[in-house]
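*Asks:* Line order of the protein sequences matches chains A and B. In terms of this note's numbering, the numbers along the first sequence are unbroken and rise by one, the last being 444. In terms of this note's numbering, the numbers along the second sequence are unbroken and rise by one, the last being 131.
The hints are simulated quantities; they were obtained by calculation from the structure and are not laboratory data. Everything numeric in this text was worked out from a predicted model, so none of it was measured. Don't take each hint at face value.
Per the computed footprint, the stretches of chain B lying under chain A, defined by three or more beta-carbons under 8 angstroms from a beta-carbon of chain A, are [unchecked claim]: (1) 31-39; (2) 116-123.
Restricting the straight-line Cα-Cα distance to at most 30 angstroms, the calculated cross-link-like pairs of lysine-lysine (BS3-like) are [to be verified]: (3) B/Lys-73 to B/Lys-36; (4) B/Lys-88 to B/Lys-71; (5) B/Lys-89 to B/Lys-31; (6) B/Lys-36 to A/Lys-383; (7) B/Lys-75 to B/Lys-31; (8) B/Lys-31 to A/Lys-402.
Computed far set for chain B versus chain A, every beta-carbon distance over 10 angstroms [claimed, not checked]: (9) Asp-44; (10) Asp-46; (11) Glu-48; (12) Asn-49; (13) Val-70; (14) Lys-71; (15) Ser-83; (16) Thr-101; (17) Ser-105; (18) Ser-112.
Here a beta-carbon is modelled for each residue, glycine too, at the ideal position from N, C-alpha and C.
The chain contents come next:
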Amino acid sequence: GQQLNQSPQSMFIQEGEDVSMNCTSSSIFNTWLWYKQDPGEGPVLLIALYKAGELTSNGRLTAQFGITRKDSFLNISASIPSDVGIYFCAGQRWEYGNKLVFGAGTILRVKS
Amino acid sequence: DVKVTQSSRYLVKRTGEKVFLECVQDMDHENMFWYRQDPGLGLRLIYFSYDVKMKEKGDIPEGYSVSREKKERFSLILESASTNQTSMYLCASSPGTSGYEQYFGPGTRLTVT
């Protein structure tokens, strides 16, 4: 099935740094979602976005629904060690009904 | 808080066995989903259900079946387990037309030997 283009694939963080990742598509989406998955666990919903241009925060996390409806961005400010994990974007389009399309994930690791 | 629970965190089965994975959600959600997750392949949809007794095939339904007899419960069945079905299985639920965000369970790590 269709996948979203998520970048970067992986990145190293140092405590205190800000982190940015994004998700793009050639198609328009109506809902954008961001999830975090810890090793051996299920993904946890971080932020849900419903309108083009919407900017939503959840603690140190901020996500934006791109104005073209073809992309979304997630920023983590002042990263801490427990931010490591895999971050997934997901999108919903009318053509797919209740199904979501997922990105491949961005792996966040700690810089040693 | 939405809660999605899965019957087992870890499961080891033998080739040819019939395997049942159970999922329960407590938020009266319309939709429920089964995914498998493999390294490098991401999340792949096996089956989903949009109502009791209703189901639709996802991207990789071969070798699997599902059952939804009650709104809160969605079961994944491996009719005859094979080694290539060793994977992490994730269940999710979503409200439906009032919201498309999916809430995931903790996952079941299935090993078929």
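*Asks:* Evaluate each hint against the coordinates.
*Replies:* Against the structure, the hints come out as follows:
{"no.": "1", "hint": "31-39", "result": "violated (count 0)"}
{"no.": "2", "hint": "116-123", "result": "holds (count 7)"}
{"no.": "3", "hint": "B/Lys-73 to B/Lys-36", "result": "20 angstroms, holds"}
{"no.": "4", "hint": "B/Lys-88 to B/Lys-71", "result": "8 angstroms, holds"}
{"no.": "5", "hint": "B/Lys-89 to B/Lys-31", "result": "28 angstroms, holds"}
{"no.": "6", "hint": "B/Lys-36 to A/Lys-383", "result": "44 angstroms, violated"}
{"no.": "7", "hint": "B/Lys-75 to B/Lys-31", "result": "24 angstroms, holds"}
{"no.": "8", "hint": "B/Lys-31 to A/Lys-402", "result": "43 angstroms, violated"}
{"no.": "9", "hint": "Asp-44", "result": "15 angstroms, holds"}
{"no.": "10", "hint": "Asp-46", "result": "15 angstroms, holds"}
{"no.": "11", "hint": "Glu-48", "result": "8 angstroms, violated"}
{"no.": "12", "hint": "Asn-49", "result": "5 angstroms, violated"}
{"no.": "13", "hint": "Val-70", "result": "15 angstroms, holds"}
{"no.": "14", "hint": "Lys-71", "result": "16 angstroms, holds"}
{"no.": "15", "hint": "Ser-83", "result": "19 angstroms, holds"}
{"no.": "16", "hint": "Thr-101", "result": "21 angstroms, holds"}
{"no.": "17", "hint": "Ser-105", "result": "13 angstroms, holds"}
{"no.": "18", "hint": "Ser-112", "result": "6 angstroms, violated"}
Consistency note: the structure conflicts with the earlier hints numbered 1, 6, 8, 11, 12 and 18.
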